[in-house]
Amino acid sequence: MWDRNQMAERAAQELEDGMYVNLGIGIPTLVANYVGDKDITLQSENGMLGMGPFPIDGEEDADLINAGKQTITEMDRTAYFDSATSFGMIRGGKIAAAILGAMEVAENGDLANWMIPGKLVKGMGGAMDLVAGVGRVIVVMDHTSKHGDSKLLKECTLPLTGKSVVDRIITNLGVLDVVEGGLRIVECADGVSEDELRAATDATIV
Amino acid sequence: MNKIYPNAAAALDGLLHDGMFIAAGGFGLCGIPELCLSAIKDAGTKDLTFASNNAGVDDFGIGILLQTRQVKKMISSYVGENAEFMRQYLSGELELEFNPQGTLAERMRAGGCGIPGFYTKTGVGTVIAEGKEHKDFNGETFILEEGIFADLAIVKAWKADETGNLIFRKTARNFNPPAAMCGKTCVVEVEEIVPTGSLDPDNIHLPGIYVHRIVQGQHEKRIEQRTVREKT
Numbered sequence: 001m002w003d004r005n006q007m008a009e010r011a012a013q014e015l016e017d018g019m020y021v022n023l024g025i026g027i028p029t030l031v032a033n034y035v036g037d038k039d040i041t042l043q044s045e046n047g048m049l050g051m052g053p054f055p056i057d058g059e060e061d062a063d064l065i066n067a068g069k070q071t072i073t074e075m076d077r078t079a080y081f082d083s084a085t086s087f088g089m090i091r092g093g094k095i096a097a098a099i100l101g102a103m104e105v106a107e108n109g110d111l112a113n114w115m116i117p118g119k120l121v122k123g124m125g126g127a128m129d130l131v132a133g134v135g136r137v138i139v140v141m142d143h144t145s146k147h148g149d150s151k152l153l154k155e156c157t158l159p160l161t162g163k164s165v166v167d168r169i170i171t172n173l174g175v176l177d178v179v180e181g182g183l184r185i186v187e188c189a190d191g192v193s194e195d196e197l198r199a200a201t202d203a204t205i206v
Numbered sequence: 001m002n003k004i005y006p007n008a009a010a011a012l013d014g015l016l017h018d019g020m021f022i023a024a025g026g027f028g029l030c031g032i033p034e035l036c037l038s039a040i041k042d043a044g045t046k047d048l049t050f051a052s053n054n055a056g057v058d059d060f061g062i063g064i065l066l067q068t069r070q071v072k073k074m075i076s077s078y079v080g081e082n083a084e085f086m087r088q089y090l091s092g093e094l095e096l097e098f099n100p101q102g103t104l105a106e107r108m109r110a111g112g113c114g115i116p117g118f119y120t121k122t123g124v125g126t127v128i129a130e131g132k133e134h135k136d137f138n139g140e141t142f143i144l145e146e147g148i149f150a151d152l153a154i155v156k157a158w159k160a161d162e163t164g165n166l167i168f169r170k171t172a173r174n175f176n177p178p179a180a181m182c183g184k185t186c187v188v189e190v191e192e193i194v195p196t197g198s199l200d201p202d203n204i205h206l207p208g209i210y211v212h213r214i215v216q217g218q219h220e221k222r223i224e225q226r227t228v229r230e231k232t
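If you read the protein sequences in the order shown, they are chains D and W. Here the working numbering is used: position 131 in the first sequence is 131, and no number is missing along the way. Here the working numbering is used: position 229 in the second sequence is 229, and no number is missing along the way.
Some hints here could point you the wrong way.
[Stated by the list, open to error] Negatives, chain D to chain W, calculated, CB over 12 Å:
id: 1; residue: Ala12
id: 2; residue: Asp17
id: 3; residue: Thr41
id: 4; residue: Met89
id: 5; residue: Ser145
id: 6; residue: Ser150
id: 7; residue: Asn172
id: 8; residue: Cys188
id: 9; residue: Gly191
id: 10; residue: Glu194
id: 11; residue: Thr204
[Unchecked claim] Pairs of lysine-lysine, PhoX-like flavour, derived with a Cα cap of 20 Å:
id: 12; chain 1: D; residue 1: Lys69; chain 2: W; residue 2: Lys221
id: 13; chain 1: W; residue 1: Lys3; chain 2: W; residue 2: Lys132
id: 14; chain 1: W; residue 1: Lys73; chain 2: D; residue 2: Lys122
id: 15; chain 1: W; residue 1: Lys135; chain 2: W; residue 2: Lys121
id: 16; chain 1: W; residue 1: Lys159; chain 2: D; residue 2: Lys163
id: 17; chain 1: W; residue 1: Lys170; chain 2: D; residue 2: Lys122
id: 18; chain 1: W; residue 1: Lys170; chain 2: D; residue 2: Lys69
id: 19; chain 1: W; residue 1: Lys121; chain 2: D; residue 2: Lys94
id: 20; chain 1: W; residue 1: Lys135; chain 2: D; residue 2: Lys163
id: 21; chain 1: D; residue 1: Lys163; chain 2: W; residue 2: Lys170
id: 22; chain 1: W; residue 1: Lys184; chain 2: W; residue 2: Lys3
Read the hints as simulated data drawn from the structure, not as lab findings. C-beta: ideal position from N, C-alpha, C; glycine also.
Chain W on its own, in the form it takes in the complex:
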């Protein structure tokens, strides 16, 4: 079965509809599915809910979909780098659900593993715990968090083989594997597609069973905070 598509628009064809729930990989601007986000912008799909750790910056990442008012709700842990996000949120145009970062990652992983809920001690005694079931285990209190089951996952990997086995690069892995796992359908964009058999089976980061469509393309890979030291 062919999983390879010529571009992001083709890879997303037939998968997008207004009001859908999308899980996106990436941390900050690192390892974000920039080609898919751009294609969703061009498709004009509206009222989107995104589970994504961050919301990009004003002109990159999910930020480009905020500019066009295509996003209805964000489920994120940190949105500090996006002025347009804040403007829409404070004016009530955009819904926001804060999740602790580890809770968000585990909600994605759990959803992908068929686990509808799990107990965690993260957030106990804080606003995050309000309205959630509390349960004690071995004398300690935990809260119930729910798995995420998204209509679509969009992720970025470094390399894919033709069957969708994936390898990520350095800290660009981040949320990409759990996001990929929790999507009913998963579209992955990569820097390189290599022939099946050329990746070491012992070093596959995410098996192709989670990957339905693959697109290769040029990535801008913008750096958010360039920090350097003097040569010594």
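Isolated chain D (complex conformation):
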């Protein structure tokens, strides 16, 4: 089974030299630690390409934050732009990939990650634009809930963020692709058998 960092490390393998990429909040943020020598430019959808690491203590700048409202830094390649331009490049398919978390994914690629009815609703932020617009949507998530229920389902039960938008799912148990007819196992996490992966998955595996 993979831990958070191993999932992030596996997700980093999806990125290719020269890509412009948007990383979501949580485990996806950790992916930046594992890109190695690859030339990757990170987008922050509030209006920045070329997002750098957190600042050194004392060098925070209130005018320089990421989409999670955290203080960050700029790089030599950094470019700033307004929100309409930022989502223009997202919606226009210029961002090669988005790596983001999920509550549920269905076997047809439906994604739910923004609201639980009856609970506090915070809003979708830029998630709906990202999954509708970017070249490739990679989800990083726990395979099952705290109660052991599969989060990879035949159909999502929660309100959708996007319809048929997910390309690849990386969980603590392995990697699966959304293909015609269901999910296809790409690889199993360390120490996880294919049978265990199947048993933990509610979605159709083809």
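Following the hints, complete the assembly by docking chain W onto the known chain D.
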């Protein structure tokens, strides 16, 4: 024509009325028109509708107008940082229209460009698409979203010249240009007003044609999530 006003209250004088629609710039607490928001609080204008990506926090940003019950409706993409907002929303005192962030930005930009509607694939197959016109282009389905035409835009920039040409700083640009564009009138607050001619014309982020009134002042520029790393 003089566009410069001595303070935010003077810059907003004659522009505020109950029930009006205001577009505000800012993302989180970054690049928000804090002086104008404070002046609107003091003016006591009620039943406001705001198009703004976020709703501030309890005691800063649009949050200060929620405390005084001056806001009737919010059009936003994310409101997770504001407990008072949630209390008013759940009790039915406050209307909320969620827009995907890019749709909200484009609705402002489109309104400012005289475009009443546009088609987008964002939100197709979700609750956002319910009740909206669907149309296929090249085999793909899109939904119709409408441009925003606000009575007033309030925005924050870094520098203005005396004619209202604006320069923003880093990610504090965010929603400010599209918000400025979609207002019938636009009031901008800046950290510095510089003499006309001292900004590089090739590096103006928003031309002064969109800016009607300018006020310079001290900004708190609060940081929402201070994150740092160890020196290596």
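Hint-by-hint comparison with the structure:
Distance to chain W confirms Ala12 (chain D) as a non-interface residue, since its nearest Cβ pair spans about 19 Å, more than 12 Å. Every CB of chain W is more than 12 Å from the CB of Asp17 (chain D) (nearest about 25 Å), matching its label as outside the interface. The claim that Thr41 (chain D) is not at the interface with chain W holds, since no C-beta of that chain comes within 12 Å of its own (minimum 15 Å). Its beta-carbon lying about 10 Å from the closest one in chain W, Met89 (chain D) breaks the requirement of being farther than 12 Å from that chain.
Even its closest Cβ contact with chain W, about 22 Å, leaves Ser145 (chain D) beyond 12 Å, as expected for a residue assigned away from the interface. For Ser150 (chain D), the condition that its CB be more than 12 Å from all CB atoms of chain W holds, with the nearest at approximately 22 Å. No Cβ of chain W approaches the Cβ of Asn172 (chain D) within 12 Å, the least distance being about 25 Å, so the stated non-interface status holds. Every C-beta of chain W lies more than 12 Å from that of Cys188 (chain D), the closest at about 31 Å, which supports listing it as non-interface.
Here Gly191 (chain D) stays apart from chain W, with its beta-carbon at least about 32 Å from theirs, past the 12 Å limit. No beta-carbon of chain W comes within 12 Å of the beta-carbon of Glu194 (chain D); the shortest separation is about 31 Å. With a minimum CB-CB distance of about 20 Å to chain W, Thr204 (chain D) clears the 12 Å threshold, and the non-interface call stands. For the hint linking Lys69 (chain D) to Lys221 (chain W), the alpha-carbon distance of about 13 Å falls within 20 Å, and the restraint holds.
Under the criterion of a C-alpha separation no larger than 20 Å, the hint pairing Lys3 (chain W) with Lys132 (chain W) is inconsistent with the structure, at around 40 Å. Between Lys73 (chain W) and Lys122 (chain D) the CA atoms are separated by roughly 15 Å; this keeps the pair inside 20 Å, and the hint holds. Taking the CA atoms of Lys135 (chain W) and Lys121 (chain W), the gap is near 10 Å; set against the 20 Å cutoff, the hint holds. Note on Lys159 (chain W) and Lys163 (chain D): the hinted pairing is violated, with a Cα-Cα distance of about 43 Å set against a maximum of 20 Å.
A threshold of 20 Å between alpha carbons decides the hint, and for Lys170 (chain W) with Lys122 (chain D) the separation of about 26 Å lies outside it, so the pair is violated. Under the criterion of a C-alpha separation no larger than 20 Å, the hint pairing Lys170 (chain W) with Lys69 (chain D) is consistent with the structure, at around 13 Å. Pair hint Lys121 (chain W) plus Lys94 (chain D) holds up; C-alpha atoms about 15 Å apart against a cutoff of 20 Å. With a C-alpha separation of about 16 Å, the suggested pairing of Lys135 (chain W) with Lys163 (chain D) holds against the 20 Å cut-off.
Annotation: proposed proximity of Lys163 (chain D) to Lys170 (chain W) is violated, straight-line Cα distance about 34 Å (limit 20 Å). Restraint check for Lys184 (chain W) and Lys3 (chain W): the C-alpha separation of about 15 Å stays at or below 20 Å, so the hint holds.
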